[in-house]
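Q: Note that the protein sequences, when read in sequence, are chains A and B. Counting the first sequence from 1 gives a position; my numbering is that position plus 149. Counting the second sequence from 1 gives a position; my numbering is that position plus 149.
Each hint should be verified, as a subset may be incorrect.
No copy labels: a pair is met if it fits in one copy or bridges any two.
[As the list claims (entries may be wrong)] Straight-line Cα separation of at most 20 angstroms, EDC-like style, residue types lysine to aspartate or glutamate; simulated pairs:
{"#": "1", "residue 1": "K348", "residue 2": "D329"}
{"#": "2", "residue 1": "K408", "residue 2": "D567"}
{"#": "3", "residue 1": "K563", "residue 2": "D424"}
{"#": "4", "residue 1": "K375", "residue 2": "D191"}
{"#": "5", "residue 1": "K506", "residue 2": "D425"}
Hints listed in this document are in silico derivations from the structure and should not be mistaken for laboratory results.
There are 2 protein chains.
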Amino acid sequence: MAFEISDILLEDLKNHIKDGNDTTLLALFEDMHHADVAEILDEVNWDEAVYLLRLLDSETTSEALMELDEDVRERLLDSLTPKEIAEEIEEMDTDDAVDAIAELDEEIQEAVIEQIEDEEHKADIREMLQYDEDSAGGLMAKELIRVKETWTVAGCVREMRRQAEEVTRVHSIYVVTKEDVLIGRLSLKDLLTSDTKTKISEIYIPKVDSVHVNDEGEDVANLMQKYDLEAIPVVDDEHKLLGRITIDDIVDFIRDEAKEDYQLAAGIIQEVEADDSIIELTRARLPWLFLGLLGGVGAAAIMGGFEKVLEEHYILLLFTPLIAAMAGNVGVQSSAIIVQGLANDDVKGSIANRLLKEMLLAMLNGLALSIVLFFFVWGWKDAIDYALSISISLFVVIIVAGIIGTFIPLFLDKRGIDPAIATGPFITTSNDIFGILIYLWIAKLILGI
Amino acid sequence: MAFEISDILLEDLKNHIKDGNDTTLLALFEDMHHADVAEILDEVNWDEAVYLLRLLDSETTSEALMELDEDVRERLLDSLTPKEIAEEIEEMDTDDAVDAIAELDEEIQEAVIEQIEDEEHKADIREMLQYDEDSAGGLMAKELIRVKETWTVAGCVREMRRQAEEVTRVHSIYVVTKEDVLIGRLSLKDLLTSDTKTKISEIYIPKVDSVHVNDEGEDVANLMQKYDLEAIPVVDDEHKLLGRITIDDIVDFIRDEAKEDYQLAAGIIQEVEADDSIIELTRARLPWLFLGLLGGVGAAAIMGGFEKVLEEHYILLLFTPLIAAMAGNVGVQSSAIIVQGLANDDVKGSIANRLLKEMLLAMLNGLALSIVLFFFVWGWKDAIDYALSISISLFVVIIVAGIIGTFIPLFLDKRGIDPAIATGPFITTSNDIFGILIYLWIAKLILGI
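Using the sequences and the hints, build the whole thing.
A: The following block contains the structure:
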């Protein structure tokens, strides 16, 4: 069903580019979907991509550019002149245009904006550059259908046709006052069935959801998902209509957020793709690994402090990796559930209740696991005192690990810090250390050393 | 902006339910959004929820039911008679109706379907129950606007008004032949601007994307996201139009998938919420913890095998938790990047290339970390041979861990198994064991024991 770029097509394209067969190339790209153009730009080499960008009309390439990864788009645009970049920007919806410009070097941003011919587009872009990228203002586009309450149906249809040329898809028709204050929306069905002389004020629906320009992207995503909205208008302090956010931008936003959380949980601190360079991947991965190293060194130091106990009770040492691993696993599970609950807004009740529940849960899990471990150690080493102290330690460690894993994300969230950073290596490492400390301390107590 | 359920409102509601003030209750719920009704159903107790379900009209409650968690909805519906359930189902779009019925006990499913009065709805539901839940057929709804190519614009508008009553939102107008074969779509703009006597066959757009009823949900999600589609028609083998999938269902699908992957990475094997019962949470968490325990026991057994070495070279034991933790961390990072790359379809090149890249990356990271560890051990214990053997082991362990973390998900994917299960505890545990084994073996080699 989907378009697949075959190696043959790609080879063909490359040859045509080499030979400069512009007419053939233009024919090949005619009617191609911009997402497919993007895939081709991604597959060919650099010079070929720039060649295609210059050859194809901006209407095709501007949308394709927005499908590319940020860094690829940035590098491609860097190969163009400000004038050429402005031509691409000219064809983009305001939200895309602003994203593309924001990625450029600051020195050339102004030069590019200067070259934009459409004065309204230029003003919109300047306005939107002020909003935070992850706020409603940063997600919205200015293109929408707006009708004034004082218009008639006939005037409205006329205006809609004019506006619709700039708007790719009509999601909703928003009704505003003379002062541009959002007061409602218009159903297409009502518009189709009303007499042409009817005033809009008589047929519009006064109930319309909206978000404030400074609302956070994540809240907008949750709201649109909760109410199954496909578009939502964005207003300012005076409830004036500024733009609208559509669900396709929210889909991208949700995917990006999910990816970020997933990578944080796996100990990757900045967004990377499998195809990024080794340097980029190292920059994203090394910091958490250093933290892990520090944790390991800390654990070694702690064990060093128990040297005398351990020399005599050598068997305890064999189980330190087990204790550390279990502490890490339990902590990661607990934190993951809380982090997701917080993101979806369904963690209810007080922190104390939450911790109590986690404690009961950890006791249940800990009991099952400790019993198994007890019989294993007893069977293996035939020493009931070791078996007892190791399995009781595991039980306590699991409870503490569960509580730490629950508490840290809740605490960070209360402090206004993204709880997602608490998952993964952070929890694992701190639980490793706590786990080993508790383990050796309890063992010492039970063995009476 | 969003509706918030205050404790006062909730208290009020509960009192009205106790006193049986049905008129007041009906007034309170009038015009309330179904997502908010759902939130209330979730907050009140069981009997109160059932009371509200019986009191409010099915139009309100049916949509609210679909917003609830699966298990809550299932339990609520179980409190109703087949006749009452059928009334709710009657008001649902086919995709929701099918989801709701599929959750019921098999014995009452047929009884409920029998009670549905609308014969077309009944037939649609029976048809859709056959499709796999995660396939295009399972995601689609039957409600859509379809027009025949032989109709005129006037006839089309008339038909659309009739059909639109059943369809909540008009996404696209699909054009079919007499035999119901999908041949294109109609733009609203063209419909508005064409003469009423024009034939649809003259103005429709013959280019329309579609998916096959058996296509996988994930592929549909990727396709819709790639091409920014808000709805896509679903066809059968003969390209007959069966239904359409809308972006809001895809948003739910994407969130659920992301959640599942995230939880798998954290060692949670079935989807749970923070508010689920302790038993449910234990069932989701204990299996991976048992695996971790097994890994720890395995590590202890391996270390037991090196008993003589370790007794003499006691210091080596202090670093086993560090080695195990680093092996786990690197493995999780590598696998997370591959799993995400596979999900987004941007892992290109052969497995061999991928492994080579990961090896280079691991060598770079490993070198940096090993140097730090070398100086730490040297400074702490003033024993260059220990420092050397521990840090060289770390270097090798990191490389092997990276390769395992990359290889396992690629291998599972090639075998048609979801690579997401390879992340988290699975990789951590196997890397723990491999790590310790390699560590002790290399140390033995270098120290010449």
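Q: Next step is simple, just say for each hint if it's right about the structure.
A: Taking the hints in turn, this is what the structure says about them:
For the identical chains of this complex, K348 and D329 are intra-copy neighbours only, at 17 angstroms inside a copy versus 39 angstroms across copies, given an alpha-carbon limit of 20 angstroms. Taking the shortest alpha-carbon separations for K408 and D567, both the intra-copy value of 14 angstroms and the inter-copy value of 17 angstroms come in at or below 20 angstroms. In the homo-oligomer, the alpha carbons of K563 and D424 lie at most 20 angstroms apart only across protomers (19 angstroms), although the nearest pairing inside one protomer, at 36 angstroms, exceeds that limit. For the identical chains of this complex, K375 and D191 are inter-copy neighbours only, at 14 angstroms across copies versus 36 angstroms inside a copy, given an alpha-carbon limit of 20 angstroms.
For the identical chains of this complex, K506 and D425 are inter-copy neighbours only, at 10 angstroms across copies versus 42 angstroms inside a copy, given an alpha-carbon limit of 20 angstroms.
Checked against the numbered hints listed earlier, the structure breaks none of them; every hint is satisfied.
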